[in-house]
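Peer 1: Chain residues, written in single-letter form:
6 protein chains.
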Amino acid sequence: MKYIENFHDGENISDIYLVKQMSSAVTKNGKPYVNLILQDKTGSIDAKIWEPNSAGIEDFEVFDYVLIYGNVSTYNGALQISVQRARKCREGEYDPADYLPMTSKNIDEMFARILNYISDIRSPYLKQLLESFFVADEEFIKAFKKSSAAKSVHHSFVGGLLQHTLSVTDLCKYLADAYPMINRDLLISVALLHDIGKTRELSDFPENDYTDDGQLLGHIVMGYAMVSEKIAGIPDFPQKTAGEIKHCILAHHGEYEYGSPKKPAIIEAVALHHADNLDAKLEIMTELLASSQGTDWLGFNRLIDSNVRRTSE
Amino acid sequence: MKYIENFHDGENISDIYLVKQMSSAVTKNGKPYVNLILQDKTGSIDAKIWEPNSAGIEDFEVFDYVLIYGNVSTYNGALQISVQRARKCREGEYDPADYLPMTSKNIDEMFARILNYISDIRSPYLKQLLESFFVADEEFIKAFKKSSAAKSVHHSFVGGLLQHTLSVTDLCKYLADAYPMINRDLLISVALLHDIGKTRELSDFPENDYTDDGQLLGHIVMGYAMVSEKIAGIPDFPQKTAGEIKHCILAHHGEYEYGSPKKPAIIEAVALHHADNLDAKLEIMTELLASSQGTDWLGFNRLIDSNVRRTSE
Amino acid sequence: MKYIENFHDGENISDIYLVKQMSSAVTKNGKPYVNLILQDKTGSIDAKIWEPNSAGIEDFEVFDYVLIYGNVSTYNGALQISVQRARKCREGEYDPADYLPMTSKNIDEMFARILNYISDIRSPYLKQLLESFFVADEEFIKAFKKSSAAKSVHHSFVGGLLQHTLSVTDLCKYLADAYPMINRDLLISVALLHDIGKTRELSDFPENDYTDDGQLLGHIVMGYAMVSEKIAGIPDFPQKTAGEIKHCILAHHGEYEYGSPKKPAIIEAVALHHADNLDAKLEIMTELLASSQGTDWLGFNRLIDSNVRRTSE
Amino acid sequence: MKYIENFHDGENISDIYLVKQMSSAVTKNGKPYVNLILQDKTGSIDAKIWEPNSAGIEDFEVFDYVLIYGNVSTYNGALQISVQRARKCREGEYDPADYLPMTSKNIDEMFARILNYISDIRSPYLKQLLESFFVADEEFIKAFKKSSAAKSVHHSFVGGLLQHTLSVTDLCKYLADAYPMINRDLLISVALLHDIGKTRELSDFPENDYTDDGQLLGHIVMGYAMVSEKIAGIPDFPQKTAGEIKHCILAHHGEYEYGSPKKPAIIEAVALHHADNLDAKLEIMTELLASSQGTDWLGFNRLIDSNVRRTSE
Amino acid sequence: MKYIENFHDGENISDIYLVKQMSSAVTKNGKPYVNLILQDKTGSIDAKIWEPNSAGIEDFEVFDYVLIYGNVSTYNGALQISVQRARKCREGEYDPADYLPMTSKNIDEMFARILNYISDIRSPYLKQLLESFFVADEEFIKAFKKSSAAKSVHHSFVGGLLQHTLSVTDLCKYLADAYPMINRDLLISVALLHDIGKTRELSDFPENDYTDDGQLLGHIVMGYAMVSEKIAGIPDFPQKTAGEIKHCILAHHGEYEYGSPKKPAIIEAVALHHADNLDAKLEIMTELLASSQGTDWLGFNRLIDSNVRRTSE
Amino acid sequence: MKYIENFHDGENISDIYLVKQMSSAVTKNGKPYVNLILQDKTGSIDAKIWEPNSAGIEDFEVFDYVLIYGNVSTYNGALQISVQRARKCREGEYDPADYLPMTSKNIDEMFARILNYISDIRSPYLKQLLESFFVADEEFIKAFKKSSAAKSVHHSFVGGLLQHTLSVTDLCKYLADAYPMINRDLLISVALLHDIGKTRELSDFPENDYTDDGQLLGHIVMGYAMVSEKIAGIPDFPQKTAGEIKHCILAHHGEYEYGSPKKPAIIEAVALHHADNLDAKLEIMTELLASSQGTDWLGFNRLIDSNVRRTSE
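Residue numbers (my numbering), protein chains in the order written: chain A, 1 to 313; chain B, 314 to 626; chain C, 627 to 939; chain D, 940 to 1252; chain E, 1253 to 1565; chain F, 1566 to 1878.
Worth flagging that the hints you see were computed from the coordinates, not collected in a lab.
Any given hint might turn out to be false.
To be verified - Pairs of lysine-lysine, DSS-like flavour, derived with a Cα cap of 27 Å: (1) F:LYS1805 - E:LYS1398; (2) C:LYS866 - B:LYS594; (3) A:LYS127 - A:LYS20; (4) F:LYS1711 - D:LYS1220; (5) D:LYS1085 - D:LYS1044; (6) D:LYS941 - E:LYS1283; (7) A:LYS146 - A:LYS105; (8) A:LYS2 - A:LYS31; (9) E:LYS1398 - E:LYS1379; (10) B:LYS486 - C:LYS731; (11) F:LYS1711 - F:LYS1606; (12) B:LYS553 - C:LYS768; (13) D:LYS1112 - D:LYS941; (14) E:LYS1398 - A:LYS173; (15) B:LYS553 - A:LYS240; (16) C:LYS646 - D:LYS1044.
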């Protein structure tokens, strides 16, 4: 496959790309045409269909995978494709992994480790709660495996939510072992559940954008609601524990200014917040360093709030 | 009835008071005694039962109304009662209004006005939602009528939640009339619902303190959960409207730092937040001015964040 | 009239436009020309006079209304006019309402309602103060009717100050009725006066920009000074009331960070600040929603400090 | 004279003290008595007149200087005077300097230096403005010489405003010489005028507390108003300069959070703000160090926002 | 030994206590006496020597361990000792562990684990740097083993610095294993070194208070200086690595407002900051929970910035 | 010399310019070329060497002074040079003052004034410390004379550090004379030393950018380290004074948020911080006003945090 990052002026292309955006427009002299943005995992490019009603242009929609014939030229300093023919492809003609950012880890292996954590939970109520999501709820499992952990900040790729959840849970397991005051079952449980609201806050890839409820309510409150609903379905779930689980989810951003309506008040909430923050910050640094080269300073990063540098050998 | 604010050194008292706190203690030479705090609507006073096992001291508990025989003396500069006899009273022997801070307005009249607002709602779904609380849910109605709107800040009296809710709704009706972009049905509905979480955040009078879930979750999220549950029980409730109602409740404190996990994003949420804040601030000023005299400066008030003064005639 | 928003490449225009900006320039080969920005109420457009000394180009200045003959072309992706002839117009040849953003309400009716409020004031001193502005001061009245309430934030159109003042006063009347601790006469008076400094902070339309004193002093202090001067001319004006009026004006932004040198310390100042803020926020939302379409999210708004959405039907 | 800081239990005193506070009270058995706080420049002490109607107790009021006969005893761990006789004294019987905190510098010499600065001003308008205060306005001059520069923070003694003004002006003269962009006449003028509002913000010694207008308006705006009024009385005063003077006064606290409604926008306003702040901070340190001994750390000081230490020799 | 927390009114005591404070005073009638504060690991108590020159009162100083004969009485509501005899004790007569807060872990075992970490370092320069402190510098080792990690916030006991350092290093080892971008040698090294400035910022127990340089410079900069000095003594130490080590120490508080003059700019500095913060927060929670009982809310904690609760079983 | 600010389209140039940046690139059809940025003291311009391997193009590097033959054209609205010939020049062929921003004052005269200050110091230890830098350390003196005081904010020209240091010291001398509590020797010494870390934080002109250690450590800590090292070499340097000097340097930014790890705790540190800030702010205003014309408002300045205006005559 010819990746977009390798396109150059003057060449012809004939390969499958994902349609990220599509809109109709009219030229100055009144002729309709179509604006596209095509995407693969290496980047995106503008494309124009100047003859939308011609024979070679078949019907397709945003987020379809489309076989594009066209040629590349430069316009206003950027490359652009004039599309001569376009045909919507069927699943199987393409590998989505070529079009979407994807975790470098194995999704099934990661999910197996999640299930392992659950099998180690001793409290029958907490185990039942976790299984109601990660074992019994097919739809949830499918969404959880695919979701990113963020729109753009960190882990913004397919499998990102799973990878982040596992990484936070690993760290929480370490903390539960190192600090005896921590209730291990509770901390592991809330680590596994803390970001499940993201399966509904963000739409599926390739869109991966905030949903309407995502913007109106946010993943913290949405995850709280999902957990509350499952708990309500478990007979005799201890009320105190229910309050603590919900509190840990509501407080996991640690500060009001980051959208937590409560600040951590129990030790597991304190631990979860810091584990979440620590994984996020180290993943941001990791992605930053992985996407750059050389040992120079990499410029100011808003999330780290500092100019950032690669460590010398 | 002899009110606590009128007690003085040396007098004997024999009247019914509310037991606000009670604890056992031991004197230096090993004799057990009981510490009490007695309360009526004019104030509170320390009391000691030096002979807890004597004939005249019958069994009672915190928040009981107790007939106290004793005499008042001064200790360390403050008045104190030595209790000689104590007997728990039955409902009917006393008027709770003498012991609890109470709204000066008529609770039933206020509640009737709430129902009036509901009957004016045109959207059948919103009306059904409101009725599921204010008409159909006996337990909720009972709690709603009794609750305060806060532990201490403002409207911290029986009926305070009802009074505040009505006052905010009145103002929201004004705003819906004055600003045509506002959806009147939606704004009136969220005004009526915005603080219902307080029925669970604070325990009943005479305690009126934060519940465990109140501290762990907060009334904003608790109210959101209560509304979500009722909406889930209404067939075909429009999903967009559901998101907007929930958003208005989550955002009604207006700022992250005041515990709102979301900031107002639709015009009704903006209006509700400001109406809530305006009523709170004017009620704080009203209570401050009502509880003081003279035209001098009243000192710094933390909530108004200024030294405060009564307006001249 | 041909409005600017309807111009397109290649057409000839011959209509009257307001000259918003004008500057002289020299081409690379040393030939002088003139840069203009022309404006009507639908937008603005660049224009060039390539032959400034030719016969058809008569003298005019910034903020003149000028009859323009020219043709429209595209340069660097934007439309532009090459001006062939230009003639300054006299009052009467054009309707200023076609060139300036203008309130959609009737200015005289709004002003009549202001006078109505004044006639209801019972305090003779307050009435005399208000009349010294709104009845006796011709120059003030003329400026007050024309002013915007802001350079760009909200109510930034002719009549905007009048509309905002009336809207705040209406809300204050509601508050004075609803909260008995409020001194109605005082609150209505300061509502009417709170933004009068804006008649001097901003220059007249079509400029509508900060004056020198506007930037050095600000409308809060300028309004305070205007009121102080009028009060000084009213015999026996009660000193306490004078202090309270001045305080309400100085404190009406509510917070130091918004330029108020004092925070509200009396209940009328608290009410005025919140009424002013509430009207501003609801007008911002109203203008935002009115200027957009569809039910999608409208993007982040700096003043609302949130991504903003239209409410569903 | 016997100073209050030297009183001890059991001694009799018969000397003149200032009555700082006075209130009537009633003993438990209904007998009226009088509470006093007496003050001299070394401190203050509680006093009681147990027989207010007895022969030796003559009439006096708060802030009178009163000859007190009484004896000192200990009550609740603090010293207290039982007053047997009391007589109001006439001016001449006492030296106010014994009762009020007072600048250690010579007031007349300091004022002469102020006049010297004025005589060096070259701009006739600025000179006229300064003279309208410091030469022509007897009442102002009297108040200016007596005022403190603050209720308690720094320079809170008779002559403090004069001393602070001179110190800031000296520093501004240095700056005008060192930085050629500064307009010397303008900076010296606003240095002399920047705090004149304090003559009205604070009441006279011995009270030295905020006046009603002081709290409602603040010295920044009051000083601005005083200057505006005098400028209005000077024919042909240049309008630009008037705006700049007013701006420097309004902006001299430098930040909104310190009550400046504007931030410094011209170089003289920048210089004035920093000179004012620098003198305040160094005077705070000077007073702190002067009032303590030893080389140990002196504890946390809120204004310096640090634990503070004396420099080693 | 009779611990201070068990004292009661009227009993005689004869045991050894640490003298935490000592000062001379004079009674009202001119008789000299001595004020003491005595301490053991359970608390502290006021003591008075009314006859400082009597036969039984031998010489001793602050921080001596003194055998006290006296009797306990109540004064102003608190217990107090009247000392009849006092004799300074020699080392061996008492066990300092009875008088000082002490880590519950074994100091030598903890230190052995530190050395273990050092032996695993592969970089010869980093190993040499660490050995210059933890192997070669006797004085440093002695101080490091004894120091607390703070005056009062957390780990404020003998061995606290060692315990905190080890805990942070353990966590950093976990992070170095879990996040491959991290340079393990560098992160372990700076974890071991990050708080060594505390050996000079705080004086030894029993005082454990800020030193003069501790207050003037702070442990961050002091630790930086200690490391810089050792690095300067190691030939050919890589300059880039030296800068990174120093940066990690300077940035380990993560934010300017917590006294870090730089914010973390390399991934190891990010990891160290979060590991340090996480251990501090979990130790604060652990100490809080260990020092209280019951499952009630424990009240507001300033460092956690929340009301805090024990987790239910 | 033909300065860059005077270039215009179409002319040929043949003069010496400083090469500020240089990078290789490839055209679309694979032909290598070189991008340059050329600079003189009036500005900078893009240049292209389309034939890098042609005869007239000799070898040179970034920061070389190069004789350029080329012609000026317009590309994308900006001027650009096509370089035909280029030759590296030797020292002597050009005057660096034509290429670098340079103080308008005489460097040697300023340095002589520094030495004068040192000769007036009475404390032998402080004098020795200052001489160890300003008399004995050739390398330091050379760097100190050349350094700017900042990358871009203020005094960002050759000699800027010297000019700023002298200006702050002059002001500190004034303060030491005016405020008797100040230790003159100490304040003058730390004024001279406060910014010496900038000789290592910023690289030499023409680069004048942050060094690696500059970014990792910052000039505050670097200056502290430089002073500590020199003090360690002076026998018997008083320890208290050493702590105070180091503290003044560490605290001279005054606030944590500006990178000071300590806040000023002694009066000399307070004075130094304010003197440093005052000179910076007045120099910013001076440079702003000097680089503009007219009396209009100059727009918002981030460092002054206000829209800024020139003062009227």
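Peer 1: Confirm or reject each hint.
Peer 2: Hint by hint, here is what the structure shows:
About 25 Å separates the Cα atoms of LYS1805 of chain F and LYS1398 of chain E, which keeps this hinted pair within 27 Å; it holds. A C-alpha spacing of about 23 Å is found between LYS866 of chain C and LYS594 of chain B, which places the hinted pair at or below 27 Å, so the restraint holds. About 40 Å separates the Cα atoms of LYS127 of chain A and LYS20 of chain A, which puts this hinted pair outside 27 Å; it is violated. This hinted pair does not check out: LYS1711 of chain F and LYS1220 of chain D have alpha carbons roughly 34 Å apart, beyond 27 Å.
The straight-line distance between the Cα atoms of LYS1085 of chain D and LYS1044 of chain D is roughly 13 Å, inside the 27 Å bound, and the hint therefore holds. Between LYS941 of chain D and LYS1283 of chain E the alpha-carbon distance is near 23 Å, which keeps this suggested pair within the 27 Å criterion. A distance of roughly 13 Å separates the Cα atoms of LYS146 of chain A and LYS105 of chain A; the hinted pair therefore holds under the 27 Å criterion. The hinted pair formed by LYS2 of chain A and LYS31 of chain A fails the criterion: a straight-line CA distance of about 31 Å is larger than 27 Å.
A distance of roughly 23 Å separates the Cα atoms of LYS1398 of chain E and LYS1379 of chain E; the hinted pair therefore holds under the 27 Å criterion. Between LYS486 of chain B and LYS731 of chain C, the direct Cα distance comes to roughly 22 Å. Compliance with the 27 Å bound is thereby established for this hinted pair. For the proposed pair LYS1711 of chain F and LYS1606 of chain F, the alpha carbon gap of about 16 Å is at most 27 Å, so the pair holds. The suggested pairing of LYS553 of chain B with LYS768 of chain C is violated, with an alpha-carbon distance near 47 Å, which exceeds 27 Å.
For the hint pairing LYS1112 of chain D with LYS941 of chain D, the CA-to-CA distance comes to about 44 Å; that exceeds 27 Å, so the pair is violated. Straight-line distance between C-alpha atoms of LYS1398 of chain E and LYS173 of chain A comes to about 31 Å, which puts the hinted pair past the 27 Å bound. Distance hint between LYS553 of chain B and LYS240 of chain A is unfulfilled; the C-alpha atoms sit about 33 Å from each other, more than 27 Å. Taken as a hint, the LYS646 of chain C and LYS1044 of chain D pair is broken in the structure, with Cα atoms around 60 Å apart against an allowance of 27 Å.
The structure shown violates the earlier hints numbered 3, 4, 8, 12, 13, 14, 15, 16.
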